[in-house]
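Given the sequences, and given the hints that come with them, work out the whole structure.
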Amino acid sequence: METDPTVLDMQKKYGSRALMLAIGAGLLFLALGQKEICRGLVLGGVFSAVNFALMGQALRYRLSDNRKAATRRSLFSLLLRYALLAIPLVLAVRSDRFNFPATAVGLLMVQLVIMIEHGSRLIFAAVKH
Amino acid sequence: MMDLDIQAWVKVAAFTGGGIAMGLGAVGAAIGEGYTASQANLAVSRNPKISGDIFKNMLVGQAVAESASIFALVVAILLLFLDKGNPNLLKAAALFGAGVSMGFGAIGSGVGSGFPGGQACLGISRQPAVSNKLTTNMLIGSAVCQTPAIFSMVVALMLLFMDFSNAPLHPTWAALVGAGLSTGLAAIGSGYGGGMAAGASCEGVARQPEVVGNITTIMLVGQAVAQTPSIFGLLVSFILMFKTFPESMQLQSAMALLSAGLCTGLGGIGPGVGNGMAAEGAVRWVARNVTHAADLMRTMLVGQAVSQSTAIYAMVVSLVLIFVL
Numbered sequence: 005m006e007t008d009p010t011v012l013d014m015q016k017k018y019g020s021r022a023l024m025l026a027i028g029a030g031l032l033f034l035a036l037g038q039k040e041i042c043r044g045l046v047l048g049g050v051f052s053a054v055n056f057a058l059m060g061q062a063l064r065y066r067l068s069d070n071r072k073a074a075t076r077r078s079l080f081s082l083l084l085r086y087a088l089l090a091i092p093l094v095l096a097v098r099s100d101r102f103n104f105p106a107t108a109v110g111l112l113m114v115q116l117v118i119m120i121e122h123g124s125r126l127i128f129a130a131v132k133h
Numbered sequence: 010m011m012d013l014d015i016q017a018w019v020k021v022a023a024f025t026g027g028g029i030a031m032g033l034g035a036v037g038a039a040i041g042e043g044y045t046a047s048q049a050n051l052a053v054s055r056n057p058k059i060s061g062d063i064f065k066n067m068l069v070g071q072a073v074a075e076s077a078s079i080f081a082l083v084v085a086i087l088l089l090f091l092d093k094g095n096p097n098l099l100k101a102a103a104l105f106g107a108g109v110s111m112g113f114g115a116i117g118s119g120v121g122s123g124f125p126g127g128q129a130c131l132g133i134s135r136q137p138a139v140s141n142k143l144t145t146n147m148l149i150g151s152a153v154c155q156t157p158a159i160f161s162m163v164v165a166l167m168l169l170f171m172d173f174s175n176a177p178l179h180p181t182w183a184a185l186v187g188a189g190l191s192t193g194l195a196a197i198g199s200g201y202g203g204g205m206a207a208g209a210s211c212e213g214v215a216r217q218p219e220v221v222g223n224i225t226t227i228m229l230v231g232q233a234v235a236q237t238p239s240i241f242g243l244l245v246s247f248i249l250m251f252k253t254f255p256e257s258m259q260l261q262s263a264m265a266l267l268s269a270g271l272c273t274g275l276g277g278i279g280p281g282v283g284n285g286m287a288a289e290g291a292v293r294w295v296a297r298n299v300t301h302a303a304d305l306m307r308t309m310l311v312g313q314a315v316s317q318s319t320a321i322y323a324m325v326v327s328l329v330l331i332f333v334l
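If you read the protein sequences in the order shown, they are chains Y and B.
Numbers given in the numbering used here equal positions in the first sequence, counted from 1, plus 4.
Numbers given in the numbering used here equal positions in the second sequence, counted from 1, plus 9.
Note that these hints are calculated values from the structure, not bench results.
Built from N, CA and C at the ideal position, the CB exists for glycine as well.
Any given hint could turn out to be false.
Ranges of calculated distance between the beta carbons of each label pair, as one might list FRET restraints [stated by the list, open to error]:
(1) Y/28 - B/137: 30 to 38 Å
(2) B/95 - Y/17: 46 to 54 Å
(3) Y/27 - B/258: 50 to 58 Å
Have a look at this one:
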């Protein structure tokens, strides 16, 4: 079973916007001389986008197998994604080159983009009325 | 030798706290995401033509529901890898309390934020034309559901980074563990209850899309009141963290502070869920009978206030345990 193209489009849209937001905010901090915050935001943002992509890619495996296999694959994909998200956090806590709070915020970049998009849509609709 | 023992205790507390934070933190989000997926299956079987839209909504809902477990992951990694600084036994208690606060605190928000995701998927299968409204409503509801988990993370980070080394070991160790328990446990009910209101809201928007404003308003009011028990938990945690307790080697002094945290924490679970039930009922029926929205709001608020009283009793007992005994 192939991943639905509309799902792929949505993943690309949110993933790329999350990266753009992370890089944009990172550049702003770089201009302010905060290199560690910039690196942390970009690192977290990259892993946030990869995690979201994996979430969608795992869907087809969950749906195409029998229940036992789907459960096994879902559990594996969940563990894989948590392990993946732990990488930038461990890096940030171990190295002075990355700011830890900025890395943690970067990991929530896809969620932030989703909230910003729908929040702004709601505000514009209210202003129109 | 003694130094080594203390270092070992700090590590034991940090590792145990980290395990609790991530172990419990994964429970809620996984259940919430699973619920969203189960409702998405129902939605696809009902309207397979728009399976793509349902998948998209499910994925977005699951991504937001996962936030609580990402908070838990952040705290767990800090507990495992952060330089513990000057090790002392109070630090050990604070690190353990941080793990407990985050672990328990992520359960309710994780489960609760799955409800709007699931109901939004079902709603899209019924009313594909209002999928945007449904997704927005789902995201607002899910985001508000995360607030108790954020309270727990704030307490966990304060326990991790504040310096308690000047306080006496006895009974401050119990106050720090109690602080983690208070917010962590109280957040369970509030997160779950807030999710019930948000789920009913998505169901209501699918039923009557033209009254989305009324439905969202009553959902937000209901969720705000449902979060009061977790605010009580936060308040007791702050008192336990910031009040200076006189040194006392008596076990009962320490147990009074630990019980103060447990009392508000456990006492907040029921009222949080109960308030969520009241809000769920009001939101559901506003969608069916919007002309009586004011009556429904009043009934909801009175019902929530009565349900809330048990959380207030628990907080009063906690304050007695802290200030009187």
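Against the structure, the hints:
no.: 1; hint: Y/28 - B/137: 30 to 38 Å; verdict: holds (34 Å)
no.: 2; hint: B/95 - Y/17: 46 to 54 Å; verdict: holds (48 Å)
no.: 3; hint: Y/27 - B/258: 50 to 58 Å; verdict: holds (56 Å)
The structure fails none of the hints (numbered hints given earlier).
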